[in-house]
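Put together the whole structure using the sequences plus the hints.
Just so you know, the sequences run in chain order G and Y.
Position in the first sequence counted from 1, then plus 423, gives you the numbering used here.
Position in the second sequence counted from 1, then plus 423, gives you the numbering used here.
What the hints contain is simulated information worked out from the structure, not anything from laboratory work.
Treat the hints with care, since some could be wrong.
When chains are identical, the list treats them as one kind, so a pair holds in a single copy or across two.
Stated by the list, open to error - In silico lysine-lysine, DSS-like type, Cα no more than 25 Å apart, as pairs:
{"#": "1", "residue 1": "746", "residue 2": "596"}
{"#": "2", "residue 1": "541", "residue 2": "473"}
{"#": "3", "residue 1": "687", "residue 2": "431"}
{"#": "4", "residue 1": "541", "residue 2": "649"}
{"#": "5", "residue 1": "596", "residue 2": "606"}
Quick caveat, the model's predicted, so the values are computed rather than measured.
2 protein chains.
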Amino acid sequence: MEFLSGVKPQTTLELKELQEESRLGSRVRVNGAVHSIRDMGEVAFVVLRKRGGILQCVLEEESSSVSVKTVREGQTVEAEGILERDERAPYGIELRVQEMRILSEPCKGMPLPVGKWKLNTSLEAKLNYRNASLRNIRERAKFRIQEGITRGFRDYLYGQGFTEIHTPKIGAKGAEGGSNIFKLDYFHRPAVLAQSPQLYKQMMVGVFDRVFETGPVFRAEKHNTKRHLNEYTSLDFEMGYIQSFEDIMAMETGFLQYMLQLLKEEYADELRILNLTLPKADRIPMVRFDRAKELVAEKYKRAIRNPFDLEPEEEHLIGTYFKEEYDADFVFVTHYPSKKRPFYAMDDPQDPRFTLSFDLLFRGLEITTGGQRIHDPKMLREKMEARDMGEEGLEQYLGAFEYGMPPHGGLGIGLERLTMMLVGEDNVRETTLFPRDLSRLEP
Amino acid sequence: MEFLSGVKPQTTLELKELQEESRLGSRVRVNGAVHSIRDMGEVAFVVLRKRGGILQCVLEEESSSVSVKTVREGQTVEAEGILERDERAPYGIELRVQEMRILSEPCKGMPLPVGKWKLNTSLEAKLNYRNASLRNIRERAKFRIQEGITRGFRDYLYGQGFTEIHTPKIGAKGAEGGSNIFKLDYFHRPAVLAQSPQLYKQMMVGVFDRVFETGPVFRAEKHNTKRHLNEYTSLDFEMGYIQSFEDIMAMETGFLQYMLQLLKEEYADELRILNLTLPKADRIPMVRFDRAKELVAEKYKRAIRNPFDLEPEEEHLIGTYFKEEYDADFVFVTHYPSKKRPFYAMDDPQDPRFTLSFDLLFRGLEITTGGQRIHDPKMLREKMEARDMGEEGLEQYLGAFEYGMPPHGGLGIGLERLTMMLVGEDNVRETTLFPRDLSRLEP
Chain G
424 MEFLSGVKPQ TTLELKELQE ESRLGSRVRV NGAVHSIRDM GEVAFVVLRK RGGILQCVLE
484 EESSSVSVKT VREGQTVEAE GILERDERAP YGIELRVQEM RILSEPCKGM PLPVGKWKLN
544 TSLEAKLNYR NASLRNIRER AKFRIQEGIT RGFRDYLYGQ GFTEIHTPKI GAKGAEGGSN
604 IFKLDYFHRP AVLAQSPQLY KQMMVGVFDR VFETGPVFRA EKHNTKRHLN EYTSLDFEMG
664 YIQSFEDIMA METGFLQYML QLLKEEYADE LRILNLTLPK ADRIPMVRFD RAKELVAEKY
724 KRAIRNPFDL EPEEEHLIGT YFKEEYDADF VFVTHYPSKK RPFYAMDDPQ DPRFTLSFDL
784 LFRGLEITTG GQRIHDPKML REKMEARDMG EEGLEQYLGA FEYGMPPHGG LGIGLERLTM
844 MLVGEDNVRE TTLFPRDLSR LEP
Chain Y
424 MEFLSGVKPQ TTLELKELQE ESRLGSRVRV NGAVHSIRDM GEVAFVVLRK RGGILQCVLE
484 EESSSVSVKT VREGQTVEAE GILERDERAP YGIELRVQEM RILSEPCKGM PLPVGKWKLN
544 TSLEAKLNYR NASLRNIRER AKFRIQEGIT RGFRDYLYGQ GFTEIHTPKI GAKGAEGGSN
604 IFKLDYFHRP AVLAQSPQLY KQMMVGVFDR VFETGPVFRA EKHNTKRHLN EYTSLDFEMG
664 YIQSFEDIMA METGFLQYML QLLKEEYADE LRILNLTLPK ADRIPMVRFD RAKELVAEKY
724 KRAIRNPFDL EPEEEHLIGT YFKEEYDADF VFVTHYPSKK RPFYAMDDPQ DPRFTLSFDL
784 LFRGLEITTG GQRIHDPKML REKMEARDMG EEGLEQYLGA FEYGMPPHGG LGIGLERLTM
844 MLVGEDNVRE TTLFPRDLSR LEP
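Below is the structure:
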């Protein structure tokens, strides 16, 4: 009988290993995809794309058994040769190829110049040829940063006593109602796709005290903007036993600090590839909604049109204001009007026209909505009644409060949007592997 | 201006801190939910449910400002008192309460006896009162184990150079075809819910070499068994540059070893609560599909009815066989018949009636399906043609191969099913927070 006892050491080296000083001058074996070829006649430079970055390979007619004529972009290969220092090459190393074996062949040329450093192509073309465009080193790097954000979110919250949950995406009723719900047929019963894990994560506060989920959410919104998707990844948490809704913002601040540090340490290659400077999150200012509107109105000579609404232009100016006045990239705007928040939001006992809630703006764009929730079943029912909401489909949700629930609150972060802002893109589709919008259902 | 600079130290202690030797005899503050009450007259034992477990509190009429008459199951409270050793109490500690403040009140009694150690209730009742039943310590612990599995999967794969991806759950076409697809209306266009991230993760091998995803998948299967759900969490990975399909099984073996170790180290409390002994995964036997059938037929005197199919009963016996003969909890069954595998499965060049694929059985139940995939675009088209498949909706998928793709393969693990087997349950609904099946769309 044969047995498996785990991963065997690889016979090929990855970029991290190739950068070890001791490898220089020795014979090494690597694999990768042919990313670009520069044929200079007697010598050719073949760049291999590996998962960690790119490796420059040199093929010389006389010292190699391989002819550059057989090498084509898109092939995957295994190459052997001597590793040498070359300060002009990426990571200061290059492989002088002696042997090369072709692992697989493409049957078409690349539809986009993915081997170039910057893929100067329209977003439309990038999305139409998604599995080609993402092979560009810079395009790919954005999604490594996205990984770092998600990873940082989870790791930080594990450390803070949160439990990860998986809540259903198909349900009988939307979490927050409204018209932006995708409907489907579930064995001849009407069903909907989850707009958010909101009601489930609140229920689970009664079980685990602190919970989080990283998963897809679905919004059937008909507007086609640079900031909206119809399916996106939401980083959600909810925490019990809070003293005030500041605890939630403090937890998010802690996450941002942890995540930015993780990116610096573990994603340094990608930060360099994208030439990114990370924002600061050591001190995040906190300003009331109404006060933020006043500050912006005063400084930028702008009339306040509606005291209970924040226009995108105003949001943007709040970002500008706090950058100019406090050198802050992030700002918490607190106490949003009750009318603009869902039924489960806790009203401010000082002034119930406003809520104990917040948005986090990052360079003037909302990337988080959060706040304290109502935990008292009577108060919850009163607010639902005041909004003419029925209880149908919410029996289990209400049950959680009837059986007792601690004071709690939480938030949701749009992953693709946070990635977009962090890598300096201006369209959320740039930081979504396969975006879903009004016109895109494929690939 | 006010600023937030991260999480402030909590004024209340968690169970880990309460177990520190130096806390004994000192005054501490804790919070929690009233889990059960045993009123003995002059003294009452109030068990608090905290996220890490339970804490025994003692209320004595004379030394406490709190009357036990005001304490009710389901309240959430903040208590202060002196921490004492008591070997009979959980963790060997108890809190002698001096003051207690009520944070929130329930308005109904618990519908199930969740304060008992074992919740001896029907599965039906547990699911009907999900937000109550999960408050039982043992019910809750299963989902902490589930967290450990997912966490172990991700952490192990990060360490092995995998990139985490998020692929869309709404698409134009199902990954593997068939009738078990949920359909929905996407802005007046027909759309479906993803049965698996299969085609996307394969495409992403061409970009990141190694990828994984942990997310929901949707199966509109009409059978109602103890092992099936219509929505579940799939742990998926796909890896490029494999030498053989054994590499995939070796990676899974490495994951299982890492995950079991993580559970031992970080989830020891939950293992104790559930009284679990973890299985061994240091050496996992590997047996061909046809050979496994023979072994079982010989040993258990069972005729082979169909050489190209594995019945659940046979699967179960394979598990028994390898437990008896090799003391193995896991077994890889390899070389499944081509007819039983999807179009993208790589046929065995030695005998194309079989594939370079495998299932992992855990105590006789399939918890993983995986294998090598076709990476040559011509071979892929030929197999699709042989199966009378059209290319519509698969253009982008085929494109990835046309632009070049390394030899690769991967697998998918059903999270709820693996949890079920690990914690020794016999119905997958026991290890699903909110199961979705033919009859359950709520809560």
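- Query: Where does the structure disagree with the numbered hints, that is, which hint numbers, in rising order?
  - Reply: Checked against the structure, the only hint that fails is number 1, while the rest are satisfied.
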